[in-house]
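K.L.:
Here is what each chain is made of, one letter per residue.
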Amino acid sequence: MNEDNYLNAGYTLRSWFFTTDHKRIAILYFASLIFFFFIGGAAATLIRIELATPQADLVSSDMYNRLFTMHGVIIVWFFLIPSIPNTLGNFIVPLMIGARDLAFPRLNLLSWYLFMLGGCVTLFAIAAGGIDTGWTFYTPFSTLYSNSYVAVAVTGVFIAGFSSILTGLNFIVTIHRLRAPGLTWYRLPLFLWSLYAPSVILVLATPVLAITLVLIVVERLLGVGFFDPRIGGDPLLFQHLFWFYSHPAVYIMILPGMGVINELISCFSRKAVFGYKFVAWASVAIAALGFLVWGHHMFVSGQSLLASLVFSFMSFVVAVPSAIKVFNWTATLHKGSIRFDAPMLYALAFIGLFTIGGLTGLFLACLAYDVHATDTYFVVAHFHYIMVGGMVTAYFGGLHYWWPKITGRLYSEYWARTAAVLIFFGFNLTFFPQFILGAEGMPRRYHVYPPEFQMWNVLSSGGAVILAAAYLLPLVYLAYSLFFGKRAPANPWDAPGLEWQTPSPPPEFNFETQPVVTRPPYQYTPDFRAEPQNA
Amino acid sequence: MRWHPPLPLLGAWLALLLLLTLTVTLAYVPLGHFNSSVALAIAATKATIIGAVFMELRRRGPRTFIFAGAGLFWLGILLWLGMMDFMTRT
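Sequence lines, in order, name chains H and S. Start counting at 1 in the first sequence, then tack on 534, and there's your number in the working numbering. Start counting at 1 in the second sequence, then tack on 3, and there's your number in the working numbering.
Hints listed in this document are in silico derivations from the structure and should not be mistaken for laboratory results. There may be inaccurate statements among the hints.
Claimed, not checked - Label pairs and their in silico Cβ distance ranges:
#1 H/V748 x S/T51: 18 to 24 Å
#2 S/N38 x H/R764: 20 to 26 Å
#3 H/I583 x S/A50: 20 to 26 Å
#4 S/L21 x H/R1053: 54 to 60 Å
#5 S/P11 x H/F658: 54 to 60 Å
#6 H/G996 x S/R66: 36 to 42 Å
#7 S/L34 x H/V748: 23 to 29 Å
#8 H/F1043 x S/R66: 53 to 59 Å
Said to hold, decoys possible - To be clear about the criterion: a stretch of chain H counts as covered by chain S if any three or more of its residues have a C-beta under 8 Å from a C-beta of chain S, and this derived list gives those stretches:
#9 690-696
#10 819-831
Stated by the list, open to error - Sample of chain S residues lacking proximity to chain H, with all beta carbon distances greater than 10 Å (derived):
#11 L25
#12 T51
#13 R66
For every residue, glycine included, the Cβ atom is placed at its ideal position computed from N, Cα and C.
Could you put the whole structure together from the sequences, leaning on the hints where they help?
P.N.:
Here it is as structure tokens:
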């Protein structure tokens, strides 16, 4: 183990809470995100327990509304959006490009403080009584009728939005300005393309969300008419503004996950990613086209037919670059020397789950079917396949892949593989029955339902118990590895990326000397060796 | 080195205050359909001043312009596709 590393560069609280080292800030984010993940997860567990029976026997209707809102708000804004960029991205980006830090280290720390402030304000809203609007804060309910802590909660999300903007800005400037000599755009590992594209979305779309949330508070508290037709507003304006951010936000969540999958598939099949340029530009295409599809959330809300037709068409179009990625990963596997280490199991799970999530998204992009499926469990299953089956699985894959680099320790491969298999099994058991429930017409956001839906709900709740246990498992064996795990070598996967050419854990300033890149990424050979990018 | 007041910033700030006064005043002057057009024109002027002076775009290279232009382009997408719904609703 490298004794002169970022972890023992200081032991005081001050050395952690006032650090500008991207690696330590990533650790701060890791700890915070685990906290929020388990809060959001606890709400989900309560929801699934309630839904095990058709009648209300655990919580009241009002409490149920607050539970699913809490689950959505916490998981979307305080876990999914920051997850890969702010933890793995924060840690890995400077290492991957051969830099000492991100371009704006102090902004990076400020970003974490804003995130925590936003999180605390939102938690206060929850602790004070909660919010019952759903994570989408739809008007007129949020502005006129809800008696819950809407203004406080949207203030929390508003503050956290600035954290996102700062992170996106930092990544854009870092990737433009701090690349090592020789590291041209087409030599960048695809993880960086997949972080760059959503960073642009973060910078461009988050301000729209911020303004929208301000408008809610202004209308709610001051009675200025933006969304209420009685005072000159338009209720659909809220949905336009909200989804202009929140649909691209889906790509903020999934694109970094796709970036991780590139690294994993390539490493564990010992091949360069098939069609590098197509995969790289597919990230940019997804980010750009993702801005043109938001109206598919509004097919039944009174939007004009012409607008619905255009948004439907564009939603089909955005599937093309997503499919390019899936096909290219599959082509990368073809004739690869595949090894089923834990990160690879997560990557393979991602491909399957994302494909199901993506294809069912095409059902919902279809105007006619969407009328039937809107606000049913079909939608719930679809977006969980993308965001949890896709994004969270990729997050776990990346976490296992870079864990030896981050901590300098190796985890138990047996338990890691067990957890990966359990997560895959538990996830499918939880969410696949929800496709059937949705197709049969069970609406979302109700905690009582006709008895004929119970069998599928019991299966789903049973799966949720397995999934919850499977998500807890890595917490145990990864924590164990921190104290008792074997020391990790600098390059346990024999990978060519720059981050693997420095000791584990990395020294405070990442590299002893400035790396010079001489090769494209992913120069693996079938005999489990690789040519380092800077050799 | 002697300190000089940042005259361009002060000038821009005063111009913004003046335009704000104009916006508020014109809101009470009945111009019919022109009220919106005039208000939008004033808002565009304000945005140009902010971009040119406070964001210092007037002294930046092409890459910064591309990024600043991207912001406007994306705003255009929001307005274009958003208005498409409002204009064609039955």
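K.L.:
Work down the list of hints and note, for each, if the structure agrees.
P.N.:
Cross-check of the supplied hints:
1. H/V748 x S/T51: 18 to 24 Å: Hint holds: Cβ distance 23 Å, inside 18 to 24 Å.
2. S/N38 x H/R764: 20 to 26 Å: holds, 21 Å
3. H/I583 x S/A50: 20 to 26 Å: Roughly 51 Å apart at Cβ, these two residues miss the hinted range, so it is violated.
4. S/L21 x H/R1053: 54 to 60 Å: Once the Cβ atoms are compared, 59 Å apart, the range 54 to 60 Å for H/R1053 and S/L21 holds.
5. S/P11 x H/F658: 54 to 60 Å: violated, 42 Å
6. H/G996 x S/R66: 36 to 42 Å: 54 Å Cβ-Cβ, so the 36 to 42 Å window is violated.
7. S/L34 x H/V748: 23 to 29 Å: holds, 28 Å
8. H/F1043 x S/R66: 53 to 59 Å: For S/R66 against H/F1043, whose Cβ atoms are near 28 Å apart, the range 53 to 59 Å is violated.
9. 690-696: That given contact is violated, which follows from only 0 residues of the stretch 690-696 of chain H lying within Cβ reach (below 8 Å) of chain S.
10. 819-831: Holds: 4 residues of the stretch 819-831 of chain H have a Cβ under 8 Å from chain S.
11. L25: holds, 21 Å
12. T51: holds, 18 Å
13. R66: Non-interface label fails for S/R66: nearest chain H Cβ at 8 Å, not farther than 10 Å.
Hints 3, 5, 6, 8, 9, 13 from the list above are not met by this structure, while the remaining hints are.
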